[in-house]
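Enquirer: Let's have the full structure, built from the sequences with the hints guiding it.
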Amino acid sequence: MAFIRVSSPHAHSANTTAGVMRQVLLATLPGLAALTAYFGPGTLINVILACLAAVVFEATVLKMRQRPVVFYLRDCSALVTAVLLGLALPPYCPWWVVIVGMFFAIVVAKQLYGGLGYNPFNPAMVGYVVLLISFPLEMSQWATPRGALADGQSLPNLMDALAKVFGEADIDGYSSATPLDTLRQSGGQTLNDLYSSAPIFTSGRWAGGGWEWVNIAFLLGGAYLLYKKVFTWHAPVAMLASLGILAIALYDSGSSNSAGSPIFHWLSGATMLGAFFIVTDPVTSAVSNKGRLIYGAGVGILVFVIRTWGNYPDAVAFAVLLMNFAAPFIDYYTVPRTYGHNKAPRATAKKTE
Amino acid sequence: MSQTSYREIALQGLWKNNPGLVQLLGLCPLLAVTGSVVNALGLGIATMLVLAGSNLAVSLIRNAVSDAVRLPAFVMIIAAFTTCTELLMQAFTFELYQILGIFIPLIVTNCVILGRADAFASKNSPLPATMDGFMMGSGFLLVLLAIGSIREIIGSGTFLANMHLLFGETARGWQVNVFGENYRGFLVAILPPGAFLVAGLLIALKNIIDARIQKHLAARQSQEPKANRRVRTTGQIA
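Taken in order, these protein sequences are the chains called A and B.
When the letters of the first sequence are read in order and numbered with my numbering, they come out as residues 78 to 430.
When the letters of the second sequence are read in order and numbered with my numbering, they come out as residues -6 to 231.
Worth double-checking, as some hints may not be accurate.
Stated by the list, open to error - 27 Å max Cα-Cα, derived DSSO-like pairs, lysine-lysine: (1) A/LYS367 x A/LYS305; (2) B/LYS208 x A/LYS140; (3) A/LYS367 x A/LYS420; (4) B/LYS208 x B/LYS9; (5) B/LYS116 x B/LYS9; (6) A/LYS140 x B/LYS199.
What the hints assert, rightly or not - Computed, partial: chain B to chain A, Cβ under 7 Å: (7) PHE179; (8) LEU180; (9) ILE183.
Worth flagging that the hints you see were computed from the coordinates, not collected in a lab.
From the three backbone atoms N, C-alpha and C, an ideal C-beta is built for every residue, glycine too.
Expert: Okay, structure coming up:
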């Protein structure tokens, strides 16, 4: 009998980069469906435009860098970046906003740093932040969700939407303040008053019409990825937990100073998209489980702080970028204990006097 | 060093050892005031004047100052020239002086100036030292201008806007609207991140050009026929 000696690892995982990326793409579908259902076809157009731009930019830069184009395009990582940015952008934003955002995401944040695996910052979030600070007007106009529309208003159909994206048509008729904006500008109303008066809240149950279901849909997609073991639970759970704890601490029993309930923070803005699709990015987050807990908690705290005391429409992108800065530092202090050793070694040994 | 070639000094300052792109000195004004061409030009000229003047003065006193106290002495000289420049700008370009604000007095702390004073002027005679200060200043000015132009064009869609702050009323009409009147501006280029991006891209561009030149020179050298080519044989074959 011939025994073939093979060294470890003995368990082979079928996960390839392309496979993981395809599963992530699949998991964004519920969120995309919910966004389309509540806000009309704007997000769908964003995603398609972003995907086209991603493929063109990625192929061009790879060609210029003399790398195999088809090989790298096939891993779908550019498409994941494109879909995430497309989901994050406001529906019906002009086409050039999407293109500029993808340029910064793919060319500047990803390829200039060396391509997939070398980027210190999440490309989709870099694209988003560049757009947010460059085009504040376009980036802060969110469509009104179905249900919160005033009488006589309706969501644009596909042709109207295309006219808005590619033409100069005005979006004012469709846009309104998001739940986060509404809460920030509540002007001394208690939460109960706000929930019973503002149309964006009366049309919803927990955190504003449409938004809550979009977030629940992203949560479902995230749960699927967790079940498929694409990422571990540490970072998203830590982010949601720290966000929730801070929200409870500053809930102030729903007074006019309240920063919103935990449910409100979990189910509004980009919380769930961030928790399950951005914070879990294997390239730009911390690598050990303990590190991921710290990383996720940091994102959660920053999201709450920027949402409550900042002036931007949402905080996930800034929070993620700030924690991306910190990820190597977190890794340095959270080197896991190696089996058979007592203490985790430092990444670089300290000099003994 | 009486044989110092002026051509070499110019080449060092403008390209090979450019303060902005190679030495990466004086990044604070380089990144902070390059939001428009006029700001960049104003600060660039001021820095160049201080650099040339302080290099001359340092070179003149180089044999009279002992090594131990040379740096304080250099800083005093640089501060004196900076004050002169500041007063001149206050007198002739008051609006620009107000726009540039703290960055004019901060020329004192610009590492390019102290660096050239210590590395070049204190070891060379006055004429080459002045030349070096002038060329280093020009190199710095050119980088400031390049970054300022790119950021102004991308960020606000104009070129040479507000030049009357520096050149008087006739320059009011110099403004060019590169992308037409309706360009709304790409704010990130005007904001600090834009300065870092543009500076980084310029450095990359310089490295690419250098690599091309190197390749070109290498190709030319290998083409030259080698006279008397012989095959050398030894007893050992590695």
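Enquirer: Work down the list of hints and note, for each, if the structure agrees.
Expert: Results for each hint:
| no. | hint | verdict |
| --- | --- | --- |
| 1 | A/LYS367 x A/LYS305 | holds, 21 Å |
| 2 | B/LYS208 x A/LYS140 | holds, 21 Å |
| 3 | A/LYS367 x A/LYS420 | holds, 15 Å |
| 4 | B/LYS208 x B/LYS9 | holds, 16 Å |
| 5 | B/LYS116 x B/LYS9 | holds, 20 Å |
| 6 | A/LYS140 x B/LYS199 | holds, 21 Å |
| 7 | PHE179 | holds, 5 Å |
| 8 | LEU180 | holds, 4 Å |
| 9 | ILE183 | violated, 9 Å |
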